[in-house]
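A.B. asks: If you want the building blocks of each chain, they are given just below.
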Amino acid sequence: MYSFDIQRPTSLADAVAALATDEALPLGGGQTLIPTLKQRLSAPSVLVSLSGIAEMKGVCTNDDGALCIGGGTTHATVAREATSYPGLAALAAKIGDPAVRNRGTIGGSLANNDPSACYPAAALGSGATIITNTRSIAADDYFQGMFATALDEGEIVTEVRFPVPEKSCYMKFEQPASRFALVGVFVAKYADGVRVAVTGASEEGVFRWTEAEEALSSNFAPEAVEGLSVSGDGMISDLHGSGTYRAHLVGVMTKRAVAAAI
Amino acid sequence: MTKVTMTVNGKSVSGDVKGNTLLTEFLRDDLRLTGTHVGCDTSQCGACVVHVNGEAVKSCTMFAAEADGAEIKTIEGMANADGSLNVIQQAFQDYHGLQCGFCTPGMVMSAAALLKDNPKPSEAEVRDYLEGNICRCTGYHNIVRAIMAASGQDVPAVAAE
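Residue numbers (UniProt numbering), protein chains in the order written: chain G, 1 to 262; chain X, 1 to 161.
So here's chain G without its partners, still in its complex pose (with noise of 0.2 Å):
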C-alpha cells in the first residue's frame, strides 16, 4: 500500500469535516476498499474511516414502515435484524463469507457500487432511498454504471430506506469461487406492482428488467415470465460466463425467485 493518514472520526460532522481534504477517501468496512488499497488502485492522503461513527449504524422501522438501515450497518448486522424483511435479509447473510459480514457495511457496498455486488440489486429493486449527508437520492437516480453512483466527492451513505415489499426473494447463481452474483435477481412484490432488479449481468452495473416487472404485476407467477428474454448485447462477458449466457440467466434466476417468493 501506498502510506497515508488515517482517521476515525466518532461523528457525521467530523467525517464530512475530514473529507472536505483533498485526496482524502471515506473507508466503510474496507472488504474491498483495503484489497484495493494493497494492490496499489487507489492511493489517498487520508483515508477517514467510518467504522467508529455510531449514528450510522443500526437497523429500525420509521413512521412510514420503511426499514431504515445505517450506512455503517454490517451485513451480519442487516442479516440478524431486518426480520421486517426476509428476502433482504437473507440476501444480507449471503454475501462474501462470515468474516467478510461482519465487517462490510451497506453504505459501502452501495457507494462502491460494484457491477456484481448483492445489495444494489435489494436497493433497486425495492425502490430505496438512499441517504446522504447532504440529500435523499431514489434507488432509480443512484445507480450510473458501474462502479458510478450520483454520490459527489466526499459525500457519505448514511441510511438506507427500504419500502417493505408483501414479497420478496434474492436468487444469486454464484460464482463458485468468488461467491460474488455471476448474476442475481431481486424481485419483490408490492400492492402497487413488482420490481425485478438484476446484478452481476450488465456492463452498466444493476438495472431494473422492465419487461419482467410489467409481466409479474399481472401476473405473480414464474410462468409470466417464460417466453421473454433480455438481449445478451452490453451484458458482461468473461472467463466465468459468456454475456448471451449470462442473459439466460437472468431470466432462470428471475423465475426462481418469483417461485421462491410466493
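What the hints contain is simulated information worked out from the structure, not anything from laboratory work. Keep in mind the model is a prediction, meaning the values are calculated, not measured. All clues given are correct.
In the SDA-like style, the derived pairs of lysine to any residue whose C-alpha atoms are separated by at most 20 Å in a straight line are: (1) G/Lys38 with X/Gln44; (2) X/Lys18 with G/Gln39; (3) G/Lys94 with X/Glu55; (4) X/Lys116 with G/Thr77; (5) G/Lys94 with X/Leu115; (6) G/Lys57 with X/Asp68; (7) G/Lys38 with X/Asp29; (8) X/Lys18 with G/Ala18; (9) X/Lys18 with G/Pro9; (10) G/Lys94 with X/Glu123; (11) X/Lys3 with G/Ser3; (12) G/Lys94 with X/Asp128; (13) X/Lys3 with G/Pro9; (14) G/Lys57 with G/Ser11; (15) X/Lys18 with G/Tyr2; (16) G/Lys94 with G/Ala177; (17) X/Lys18 with G/Arg40; (18) X/Lys18 with G/Ser45; (19) G/Lys94 with X/Ala124; (20) X/Lys3 with G/Gly52; (21) X/Lys116 with G/Ala93; (22) G/Lys94 with X/Arg127.
Listing some non-contacts, in silico: residues in chain X with all C-beta distances to chain G over 12 Å: (23) Lys11; (24) Asp82; (25) Leu85.
Idealized CB from N, CA, C, for every residue including glycine.
Based on the hints, put chain X in the right spot on chain G.
C.D. replies: Showing chain X alone in chain G's frame:
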C-alpha cells in the same frame, strides 16, 4: 503515526502504528503474536481470522487504527487457563483436522465464532460458515468432523466422505 490501545487476549496493549498498518501486522510484527497467519493477504483464505469484539474478522483486511479500543482475541488466547488445549483445539487434534497447520489458527477462530452463535450446527452449517477459510491439505472433511465433535455432536453421523 497513530497511537492505538486495545485489549489482546485479555491484556491491554498499546503501540504506534502507521495509517496503513494492518491489524495482522500489528499483531504479528509489533506484538510478536505470530500464531495469526497471513496466507493470501487478499481477504480470501481466512488464515488471519481473529475475533474483534467477539466477531470473526480477517485481520489482513482491517487497519490496526480501526481496532483502537477493541477487544481482540487471537489463537494464542484460545487455550484453557491451565495451558491445555481448549475443546475446539483438542478436537482438531483428535480428528486430524490439520495437516500442515497453516490454516488452522483461522479455522479454530472461525469455528469458535460459529459455535458461540450456533452451539449445535448441522454439517451443512459448518461447511457454509467455513466458506471464507481455505485449507489446501485436509479436503475439509476432518475439519468439519472436528467442529462437529467440539460441539458435542455425533461425529460418525457426519457424511464426511
